[in-house]
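A.B. asks: Residues per chain, in single letters:
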Amino acid sequence: MSEGFNIDIVNPEKSFLSKENVSEVVVPAYEGEMGILKDHIPIISFLKPGIIKVISGSEEHNFYVEDGIVEFKDNTLSILTSSIFDIKNMNKKQVSDEIQEAEKELNKDDLNDQKRFLLNHKVEILKSISIN
Amino acid sequence: MASLDDLKKRISSVKSTQKITKAMKMVAAAKLRRAQESAERGRPYSEKMNNIILNLSSGVSDKENAPKLLSGTGDDKVHLCVVLTADRGLCGGFNSNIIKKAKSYFQKISDSGKTLKIITVGSKGYDQLKRLYQDKIIENISFKESKNANYFDAYKVGKIIIEKFENNEFDVCTIFYNQFKNVITQIPQEQQIIPLKTDEKDNKSSEENYEFEPDEDEILGNLLPKNISTQIFKAMLENSASEQGSRMSAMDNATRNAGEMVDKLTIEYNRSRQAAITKELIEIISGAESL
Chain A
38 MSEGFNIDIV
48 NPEKSFLSKE
58 NVSEVVVPAY
68 EGEMGILKDH
78 IPIISFLKPG
88 IIKVISGSEE
98 HNFYVEDGIV
108 EFKDNTLSIL
118 TSSIFDIKNM
128 NKKQVSDEIQ
138 EAEKELNKDD
148 LNDQKRFLLN
158 HKVEILKSIS
168 IN
Chain B
4 MASLDDLKKR
14 ISSVKSTQKI
24 TKAMKMVAAA
34 KLRRAQESAE
44 RGRPYSEKMN
54 NIILNLSSGV
64 SDKENAPKLL
74 SGTGDDKVHL
84 CVVLTADRGL
94 CGGFNSNIIK
104 KAKSYFQKIS
114 DSGKTLKIIT
124 VGSKGYDQLK
134 RLYQDKIIEN
144 ISFKESKNAN
154 YFDAYKVGKI
164 IIEKFENNEF
174 DVCTIFYNQF
184 KNVITQIPQE
194 QQIIPLKTDE
204 KDNKSSEENY
214 EFEPDEDEIL
224 GNLLPKNIST
234 QIFKAMLENS
244 ASEQGSRMSA
254 MDNATRNAGE
264 MVDKLTIEYN
274 RSRQAAITKE
284 LIEIISGAES
294 L
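Top to bottom, those sequences are chains A and B. What the first sequence shows, in the working numbering, is residues 38 to 169, in sequence order. What the second sequence shows, in the working numbering, is residues 4 to 294, in sequence order.
Isolated chain B, as found in the complex (with noise of 0.2 Å):
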């Protein structure tokens, strides 16, 4: 058995550990009020941006010379993976469910003889692909320094993938993030962004007539770059909420494991002082009846 000063030892350490968790728990819990408003607040304008690109794609009637980033290069042998993590771990699973649905995905496209291309945005899920998929990530992108997710950090990722599309060095891009439900619910996405995938069902609105100006190509041209960009932005804002909601669940779970674990440790702690104080006493009486 451990001797008392061991216990003591352990105690106070389980008891500094459970401040620390505790005190992270907080500090996610305030990040997470935040994120989550600013993740809402978001969200109209993704929603109205994506309306007006299904309006507007609804009406292209000449599908050949559509842009390409709307109707794709005709190919599918080139994906384009984008993960999105964080950048810092202790946050339970977060990192490790995007990570897995990604691998899933790589996985069906390597059984399909396809190429596959990665872009990692997070330092986190560089280090979990970077062992298996080294030769296959092509750009790591961090944005530690920024605090908030913003949305010029957004539009240099569109950027880029903008970039790399106009090379023709990809066919299809998708972007991998979690979606944020709730506190305890955080839903890994696996979203297509190139060429852009329309739900068929959300389409009711496609009899408008809209006047444009200027004409419908340009328009387009105009705003499918600035859609990628919005969709990497509303997907960095489900990021940062679900990050900070699975470390305040993560933390929570900790700190009452370290209760736990003070109260088990206190009690042996306990009746080992006392067996302690019991064999002395022993000793002294049966010490005294000996004389």
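Chain A extracted, bound-state conformation (with noise of 0.2 Å):
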């Protein structure tokens, strides 16, 4: 037995990482972080602005999601989201123009607290990645 589970992320346009013997992978799920490890028990939810971090033994590796949804059953986890990035492959002006792009959204009238509360929450994780 291989002390790991099995990571598929994908997007609309192509399987984005596969990886198998992965020890932890940390998401941000809707009601919080949410760390999983072998032998969870399945489950489904939805991911909000945050970093995903995927650990396999001393390795880490952080990558930048907007939304998508999780599964998690028979010791895979596959994560579909329609806006991933590598934070390694990401640059300062990248991060600047999401964040530029997510307060002007954040100024408009029409948000509901919901949204409002999205939008709050991408520009604080955002400004943390350009800190790093």
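Please keep in mind that the hints were generated in silico from the structure rather than gathered at the bench. Keep in mind that this is a model prediction, so the values were computed, not measured. Treat the hints loosely; a few may be bogus.
Using 27 Å as the maximum straight-line C-alpha spacing, the simulated DSSO-like pairs for lysine-lysine come out as follows [what the hints assert, rightly or not]:
no.	chain 1	residue 1	chain 2	residue 2
1	B	80	A	51
2	B	106	A	51
3	B	117	A	85
4	B	117	A	141
5	B	184	B	71
6	B	103	B	80
7	B	106	B	117
8	A	110	B	51
9	A	85	B	51
10	B	51	A	56
11	A	90	B	159
12	A	85	B	159
13	A	51	B	150
14	A	164	A	152
15	A	141	A	56
16	B	200	A	110
17	B	147	A	51
18	B	150	A	130
19	A	152	B	159
20	B	159	A	145
21	B	159	A	141
22	B	167	A	152
23	B	162	A	85
24	A	51	B	162
25	B	229	A	141
26	B	282	A	51
27	B	167	A	145
Covered by chain B, per the in silico footprint, the following chain A stretches (three or more residues, Cβ under 8 Å) [as the list claims (entries may be wrong)]:
no.	region
28	60 to 73
29	83 to 97
30	134 to 147
Label pairs and their calculated CB-CB ranges [claimed, not checked]:
no.	chain 1	residue 1	chain 2	residue 2	range
31	A	154	B	155	17 to 27 Å
32	B	33	A	68	22 to 32 Å
33	A	142	B	16	50 to 60 Å
34	B	141	A	131	31 to 41 Å
35	B	162	A	158	14 to 24 Å
36	B	114	A	58	51 to 61 Å
37	B	200	A	154	27 to 37 Å
38	B	259	A	131	47 to 57 Å
39	B	130	A	88	42 to 52 Å
40	A	58	B	37	44 to 54 Å
We put the beta carbon where it would ideally sit given N, CA and C, even for glycine.
Work from the hints to combine the two standalone chains into their complex.
C.D. replies: Encoded structure:
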């Protein structure tokens, strides 16, 4: 038996990441961060903007996601998302562009509370990235 | 019989047409490879999405209160048909096959006395349908500017559909597209997306007990609109692969036909040239003899 589980991250255009033997994944689930280990019970949840942390052994990989769905079943974690970026490949300009976009959206009047919260959260996360 | 000059002109014009069709075939082949790759890469997403929805919907205990996108409005009076076609012609039967399929469906709908509404995606479909169904077409979307099928476009179409559904403008939604099987075969498909049709035989994983966070209804409510965009995106990917495949084989045929025509014309040209020479010779000889 292997120590870890499998992770598949797919977006509509392609399979983004497929990895075996991952020891832990932290996802920004809708109601707070959620760490997933091997033999987790089957779960479905969706994501809010945040960082996905994929830990395998001593390696750690970070991805920024905007939304998505996670499903865990039979020791396979599937993440479906329409927008995901590898933080290593993100540059300052891209991050600041995203922040600007979100802030512009925030200034619109017809937002409901849920949307406003998500956008605020997104800005917060993006800002924390640029510090790194 | 056509004169030598005329024949010469025809040969050169057929040859230049052949050059064009050959070039188009090459371009289509290159594009096909890319489109096919992206269609294949896009499959896992829509499959996974489908699986999750299946798992979720089989777990919905309270069918009455299930989201309308899943269970439908309980009526089937107004049908919305989304016809996905290409923006360009010269691709064999690609567009007309979809239209043919769609038209037979339209016929069925109007025969049973239901109301029909049409959204066309892609200008070729609109061109072919507007003569017969002008009053039924409520929207015509075209993505001429975007080179490849991308998710954002699909999302836009999905949003329009969902908006219309929420305004109770229709009860059942079906999309029409070509499924890419291989370069020569593309199968026109009709797929019902609202209410969602689940294949009974695929329903085997329903015993799984999932933990939901937040609750089932909220997840379903969030997931179903996404699924619509995903299904449309899948259709768009399949369509673009089919379009290129169909164009490639059409252009291949055209190139071959042009080659045959050039051969035939060349033979005719040589024959009449020879006939002319023979005629001249006979004239000279008979002229010399009479002296």
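A.B. asks: Does each hint fit the structure? Answer for all of them.
C.D. replies: Structure-based check of all given hints:
| no. | hint | result |
| --- | --- | --- |
| 1 | B:80 / A:51 | violated, 38 Å |
| 2 | B:106 / A:51 | violated, 33 Å |
| 3 | B:117 / A:85 | violated, 42 Å |
| 4 | B:117 / A:141 | violated, 44 Å |
| 5 | B:184 / B:71 | violated, 33 Å |
| 6 | B:103 / B:80 | holds, 23 Å |
| 7 | B:106 / B:117 | holds, 15 Å |
| 8 | A:110 / B:51 | holds, 12 Å |
| 9 | A:85 / B:51 | holds, 19 Å |
| 10 | B:51 / A:56 | holds, 16 Å |
| 11 | A:90 / B:159 | violated, 31 Å |
| 12 | A:85 / B:159 | holds, 21 Å |
| 13 | A:51 / B:150 | holds, 17 Å |
| 14 | A:164 / A:152 | holds, 18 Å |
| 15 | A:141 / A:56 | violated, 36 Å |
| 16 | B:200 / A:110 | holds, 24 Å |
| 17 | B:147 / A:51 | holds, 23 Å |
| 18 | B:150 / A:130 | holds, 25 Å |
| 19 | A:152 / B:159 | holds, 19 Å |
| 20 | B:159 / A:145 | holds, 20 Å |
| 21 | B:159 / A:141 | holds, 20 Å |
| 22 | B:167 / A:152 | holds, 22 Å |
| 23 | B:162 / A:85 | holds, 20 Å |
| 24 | A:51 / B:162 | holds, 22 Å |
| 25 | B:229 / A:141 | holds, 24 Å |
| 26 | B:282 / A:51 | violated, 70 Å |
| 27 | B:167 / A:145 | holds, 23 Å |
| 28 | 60 to 73 | holds (count 4) |
| 29 | 83 to 97 | violated (count 1) |
| 30 | 134 to 147 | violated (count 0) |
| 31 | A:154 / B:155: 17 to 27 Å | holds, 24 Å |
| 32 | B:33 / A:68: 22 to 32 Å | violated, 47 Å |
| 33 | A:142 / B:16: 50 to 60 Å | holds, 57 Å |
| 34 | B:141 / A:131: 31 to 41 Å | holds, 38 Å |
| 35 | B:162 / A:158: 14 to 24 Å | holds, 23 Å |
| 36 | B:114 / A:58: 51 to 61 Å | holds, 58 Å |
| 37 | B:200 / A:154: 27 to 37 Å | holds, 35 Å |
| 38 | B:259 / A:131: 47 to 57 Å | holds, 49 Å |
| 39 | B:130 / A:88: 42 to 52 Å | holds, 48 Å |
| 40 | A:58 / B:37: 44 to 54 Å | violated, 32 Å |
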